[in-house]
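Protein chains: 2
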Amino acid sequence: MREVAVIGTGMNKWGELWEKSLRDIFVEAALKAIDNSGIDKIDSMYVGCMTSGLFVGQEHLASLLSDYLGYGPIPTCRVESACASGGLAIRQGIIDVASGVSDIVLVGGIEKMNDVDGGGATDALATASDQEWEAFNGITFPGIYALMARAHMEKYGTTRDQLSHVSVKNHNNGLLNPNAQFKLKATLESVKNAVMVATPLTLMDCSPVTDGAAAVVLCSLDTAKKMGKTPLVVLKGMGHATNSIALHTRKDLTTIESTTMAAQQAYKMAGVGPKDINFAEVHDCFTIAEIMATESLGFFERGEGGKAAESGITALGGKMPINTSGGLKSKGHPVGATGVAQVCEVVSQLKGCAGDRQLKNPRRGLTHNMGGSGGSSLVHIWEVL
Amino acid sequence: MREVAVIGTGMNKWGELWEKSLRDIFVEAALKAIDNSGIDKIDSMYVGCMTSGLFVGQEHLASLLSDYLGYGPIPTCRVESACASGGLAIRQGIIDVASGVSDIVLVGGIEKMNDVDGGGATDALATASDQEWEAFNGITFPGIYALMARAHMEKYGTTRDQLSHVSVKNHNNGLLNPNAQFKLKATLESVKNAVMVATPLTLMDCSPVTDGAAAVVLCSLDTAKKMGKTPLVVLKGMGHATNSIALHTRKDLTTIESTTMAAQQAYKMAGVGPKDINFAEVHDCFTIAEIMATESLGFFERGEGGKAAESGITALGGKMPINTSGGLKSKGHPVGATGVAQVCEVVSQLKGCAGDRQLKNPRRGLTHNMGGSGGSSLVHIWEVL
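Just so you know, the sequences run in chain order A and B.
The first sequence begins at 1 in our numbering and counts up one residue at a time.
The second sequence begins at 1 in our numbering and counts up one residue at a time.
The hints are simulated quantities; they were obtained by calculation from the structure and are not laboratory data.
Warning: the hint list may mix true and false statements.
Because identical chains cannot be distinguished in the list, a pair is counted as satisfied if it fits within a single copy or across any two copies.
To be verified - Here are the simulated DSS-like pairs of lysine-lysine, each with C-alpha atoms no more than 30 Å apart in a straight line:
#	residue 1	residue 2
1	K41	K236
2	K226	K268
3	K41	K251
4	K183	K155
Here the structure is a predicted model, which means the values were calculated and not measured.
My request is simple: use the sequences and hints to build the entire structure.
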């Protein structure tokens with residue numbers, strides 16, 4: 001396959017964007033990415049979006065968005081893999097460039113979650129779980145992750161305070177991100193004492209409902225070099241694995257098997273291991289998810305993820321910074337946009353453009369985007385040349 | 001890009017499948033395709049589905065389906081482009097094989113439309129139109145295509161009887177297809193006198209609401225040759241173009257611009273023209289759509305599509321058979337499955353396995369799948385070696 005570079009990134013301020021429609025939000029982020037890339041020719045477009053049908057009554061999404069973006073007749077493809085839709089869009093954009101069918105691809109992610117009709121966001125999000133075994137019987141994602149948290153606590157002794165440390169750290173990082181939805185100072189006490197959602201998870205363990213979009217411009221490495229782009233951020237490894245989307249069929253509730261498999265593929269392709277990664281954006285839809293992800297990705301031994309968060313290793317100044325952007329917890333989680341925004345953050349860090357939250361000379365970052373409770377995982381490894 | 005062959009096809013009997021769930025229907029068709037291919041190793045899977053969220057409350061679809069199919073951890077991608085979701089899944093499967101990321105790809109299409117909650121199928125389907133300009137204001141697809149039909153009749157003198165000829169022909173073909181939903185003998189009178197849906201389109205001008213799935217196994221041509229597969233059906237050309245999904249912004253209501261652009265790409269890649277195509281499966285969601293598609297694909301001059309249908313050219317024994325399967329009209333239109341089933345039909349014809357509706361030694365067939373009122377079009381050209 002041809003090598004692939006990222007030559008542009010863009011996102012907007014995330015939050016409750018009542019005054020902007022889905023198409024407005026997407027176009028804003030996409031134009032920023034195009035502008036950032038310095039080019040205006042796009043061969044094709046991929047859009048990650050979980051459920052614009054249930055949220056705003058709009059399918060046929062990619063054609064609509066390329067039209068509003070002014071790129072009318074180009075081939076456009078909307079992909080869906082629940083909360084991993086953005087990461088999947090990145091993968092499909094990479095495959096398109098790798099095949100030679102396209103040379104320059106715009107990949108966007110979008111979700112408009114606040115204008116939802118009917119049962120509201122929680123019902124719409126529950127369609128990422130198994131409808132027959134889970135959603136129909138009334139469990140929602142906070143409940144699913146609460147089961148996983150309790151299993152992790154029982155098996156490994158993970159504590160309530162360790163969960164809180166993840167939330168505090170990500171909110172600290174989000175304070176430094178101008179695009180983050182919830183810029184607030186959290187404390188161990190404020191997380192633990194927030195409204196209980198599903199024991200042991202409080203409101204401050206849960207990622208929010210968010211309107212937002214993010215976009216990147218991908219390009220063959222050869223073309224990017226010809227354009228004289230520097231510093232160049234390139235894809236070094238990718239992995240994609242799936243699992244049962246219903247939790248009850250998993251052998252072990254305390255680990256994300258699809259993440260481990262996707263990471264193994266990505267490490268193998270990149271010729272590196274978890275110790276060679278300088279920092280990562282991981283899928284912290286709930287605090288326990290970040291702990292389990294950092295273990296499943298191989299950054300820490302099983303059962304050590306909570307301790308790592310507590311010790312400060314994963315903080316901005318730590319040895320293995322996780323979610324420098326603020327993560328889903330603080331930055332927000334407009335479902336289909338999340339996996340794309342992770343790439344925006346990693347590219348910004350690698351190019352030295354991450355502002356107040358800039359790491360010192362990172363060379364290699366990883367993005368990890370997950371669907372549902374681990375029914376799908378996508379891992380990408382990026383390096384700056 | 002690497003060359004791509006089709007080594008297996010499968011579909012089930014389409015209709016109102018009350019006793020089968022979405023996952024049952026998909027697995028049935030997919031296992032048939034895998035069985036037909038003679039192989040059991042799949043590297044990745046693509047699923048075309050428009051709106052399982054609105055129809056049955058299930059997103060995260062591709063992971064769910066690969067799990068139920070027993071292909072658990074493989075990468076799976078659900079794509080959506082309204083009624084062109086199946087054709088888009090075919091394209092993305094081709095690109096995956098072409099890139100070398102996968103060697104053998106299962107492409108499936110599925111829609112379960114009869115168990116729908118709330119506003120019913122028409123409301124769910126309306127999300128393929130522009131929510132802000134069209135659906136919100138109350139127009140549905142029969143109304144949109146009725147506007148197109150009236151414009152075509154006014155501009156070119158296309159007649160009510162010519163529309164009926166399309167329906168009669170496709171029902172005649174469907175009578176020979178064991179998998180077709182509506183196996184009935186239609187007449188010019190029975191079409192014209194059926195219940196009026198949106199003037200001039202009666203119920204017998206409209207494709208039905210259908211539960212069904214279809215699947216194909218794609219493979220690199222080299223691997224297919226090594227397996228000794230014969231006769232081999234290979235992809236020769238592909239095209240994908242988009243347009244505004246809202247009808248009012250189009251310059252001309254009587255032609256499908258995205259189809260013309262996609263066809264031009266496909267012809268160019270294949271090094272052939274419309275006259276070199278022996279037969280085609282086209283997107284006849286309404287009778288007028290087939291007439292406009294056959295013109296936009298270049299089989300007939302603009303305004304001549306209705307006359308061609310009337311003259312018998314597009315019938316099974318005609319010079320340019322269109323929709324030998326019965327088309328969407330008779331076979332049914334489970335939205336995401338349609339574009340995949342078109343490939344099943346063309347491959348069956350090219351391999352001489354089309355039973356009672358078999359054409360005499362066709363060498364080259366075309367598939368045309370369209371989203372909404374032409375907001376997206378996908379064209380593929382297939383040849384038997």
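Here is how each hint holds up against the structure:
Taking the closest pair of Cα atoms, K41 and K236 come within 30 Å of each other both inside a single copy (25 Å) and across two copies (26 Å). Within a single copy, K226 and K268 get their C-alpha atoms as close as 28 Å, and across copies as close as 28 Å, so both meet the 30 Å cut-off. Within a single copy, K41 and K251 get their C-alpha atoms only as close as 48 Å, which misses the 30 Å cut-off; across copies the closest is 24 Å, which meets it. In the homo-oligomer, the alpha carbons of K183 and K155 never lie at most 30 Å apart, since the shortest distance is 33 Å inside one protomer and 59 Å across protomers.
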